[in-house]
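Undergrad: Now for the letters of each chain:
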Amino acid sequence: MNHWRFPTVRSGAFAVWRRNIMVWRKLIGPAVVMNFGEPTLYLLGLGFGLGHFVGEMSGMPYLAFLASGIIASSAMTTATFEGMYSVYTRMDPQRTYEALMATPLEVDDILAGEMLWCGTKSLFSGIAILLVATLLGVVPGWQALWVLPVVFLIGLCFAGMAMIMSAIASNYDFFNYYFVLAISPMFILCGVFYPIDSLPDVAQGFVQLLPLTHAVALTRPLVAGGELTQPLLHLGVLAAYGAVGFYISVALVRKRLLV
Amino acid sequence: MNTPSSPLASARGLVKDFGRHRAVDGIDFDILRGTCFGFLGPNGAGKTTTLKMLLGLAPKSGGELSVYDLPVPERAREVRARTGLVPQADNLDPDFSVAENLRTYATYFGMKPDDVGDRVERLLAFAALTDRSEAKTDTLSGGMKRRLTIARALINEPEMVVLDEPTTGLDPQARHIIWSRLNELREQGTTLILTTHYMEEVERLCDELVIMDHGRILDQGAPKALVQRHVEPEVIELRGERAGVFADDAQGLGCRVEQMGSSLYCYSHEPGEFLGRLQSATGLTFMHRPTGLEDVFLKLTGRELRD
Ligand SMILES: Nc1ncnc2c1ncn2[C@@H]1O[C@H](COP(=O)(O)OP(=O)(O)O)[C@@H](O)[C@H]1O
Ligand SMILES: [Mg+2]
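Chains Y and H, in that order, give the protein sequences.
Heads up: take any position in the first sequence, counting from 1, add 1, and you land on the working numbering.
Heads up: take any position in the second sequence, counting from 1, add 3, and you land on the working numbering.
These are computed hints drawn from the structure, not numbers from a lab.
On a predicted model such as this, the values are computed, not experimentally measured, just so you know.
From the three backbone atoms N, C-alpha and C, an ideal C-beta is built for every residue, glycine too.
Check before you lean on any hint, since a few could be wrong.
Only some residues are given here: those of chain H computed to face chain Y with a beta carbon under 10 Å [what the hints assert, rightly or not]: (1) F21; (2) L58; (3) E81; (4) T86; (5) G87; (6) D98; (7) T107; (8) R155; (9) A250; (10) Q254.
Over 12 Å on every C-beta distance to chain H, these chain Y residues come out as not near it, computed from the model [stated by the list, open to error]: (11) T78; (12) F125; (13) N177; (14) P196.
Sequences are here, hints too, so could you generate the full structure?
TA: Next up, the structure:
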């Protein structure tokens, strides 16, 4: 069998998505605390603390700048955690995928369902941050709701790459490489905490290749107000990362499980 | 379409390689609808690998394979939609209760969770788990987990259920409950395919079996036919230090003699005379019994230790 053949996704993906949301509902307490707690901490701590010294950034209050960036980075980390630790747990130690594959579901459907679920969790985190930011008075209007579909897309984008890591991992420690080499640099460099045009020129070119840069370029104007530049380019980059990540992860998981 | 006489599952020259290791080495079999078909073999014989290929969960390396007249793995998805699988090790969903495991599994077959309430109730009763339906799966005993796994394999009302060592590691009571449930299924016309290394399991359940070792099929037939084909009708088993002393005697009286550990097995059509001689011997433990699959199995697969 050719593991690299193109994935076919069927409605079975929703059964996998549904499984995950049913499990999530059982643990909704800690999940909601996490969704609200973490961004609130960032926004209050950094937004007010740093904001006191920084004042304005890119023509907006620092708290607004930060909130509109954190909503993207939080979508990234949420989908990344789910696509690595949770997907790997179900694929390997918990052997959930083995049970799923004895049904008409294929690897293609399973990973599509997982990816949708990662996007959904990113969406939950986005809703929480948007609420907190609104309560803190930094969201100018209803147009900010447009950020939610974007946050979902950001979740899909990072889920694809995280699932590639799961497919090649042989234990949980392996994920540290991806965090140190990919996620943390993006978190620091891609415009969440300061505008990327304050980076040296070379670095500016480099961060244009990273998906979080494009995610922030969309969420910042959508949440904090301001002009949306080149939205199709940014959406396209996110979608491309997600699609390629999905394709590669499907092929690698087929190779791993269908032996 | 499947005519009643065409086999439900059929393999010709089926091969599976793991790198340079050939785990399944060109096997042929036909499994008829409504029968219970057993793969009997020691650890590492290739039983699990064969079952996985049957459902398209492991790609075959060579040969022909079809189930319900559909080629596998090309149409394995359709095959799995009509089949139930009980894997060698339980893989119940630890995030769900007993009943939720069944309801959720139904959705993987495209059923709506709200439409399967009756079916879930029925299967819980079948598995004798009705009063544990809200329990988390990690609180269940080994036998209960196995029954739940079997119930889960029935959620799509399969034509055929594939069971990989369904009772390995269970205590005798738990094993008997499972055997009675499997017999019920067979009486309802469900085709069963099972692997095991328990002779008793095969003798109780299977209409037809193959004996496998090192990836090959050594022989195939109904349990009784295999016994008749390969071993004498009776065996006398001698135990203890002095057992070896009687080897020559036994051979002299026309027995086929095999030694395993400190036991001596004397196979015979006419054991009367040898028995008489043993009765007069002192300090010797012996047992006289009709031969069974175990004797066939040991004869065909040899007596060396496996793990
Ligand atoms: N994924 C695998 N990779 C390499 N070798 C394997 C794999 N699975 C099984 N084998 C080998 O194939 C042979 C048959 O295994 P298996 O089908 O599990 O036997 P059984 O179920 O009869 O105990 C064994 O020698 C086993 O070590
Ligand atoms: Mg096995």
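Undergrad: With reference to the structure, classify each hint as holding or not holding.
TA: Checked hints:
1. F21: holds (7 Å)
2. L58: holds (7 Å)
3. E81: holds (8 Å)
4. T86: holds (8 Å)
5. G87: H/G87 check passes; min Cβ-Cβ to chain Y is 8 Å, inside 10 Å.
6. D98: Since chain Y brings a Cβ to about 4 Å from H/D98, closer than 10 Å, the hint holds.
7. T107: Constraint on H/T107 satisfied, holds at 6 Å.
8. R155: Holds: closest Cβ of chain Y sits about 8 Å from H/R155, inside 10 Å.
9. A250: Violated: closest Cβ of chain Y sits about 47 Å from H/A250, beyond 10 Å.
10. Q254: With a closest approach of 49 Å, the H/Q254 hint is violated.
11. T78: holds (22 Å)
12. F125: holds (18 Å)
13. N177: holds (25 Å)
14. P196: holds (43 Å)
Taken one by one, the earlier hints fail for this structure at numbers 9, 10, listed in ascending order.
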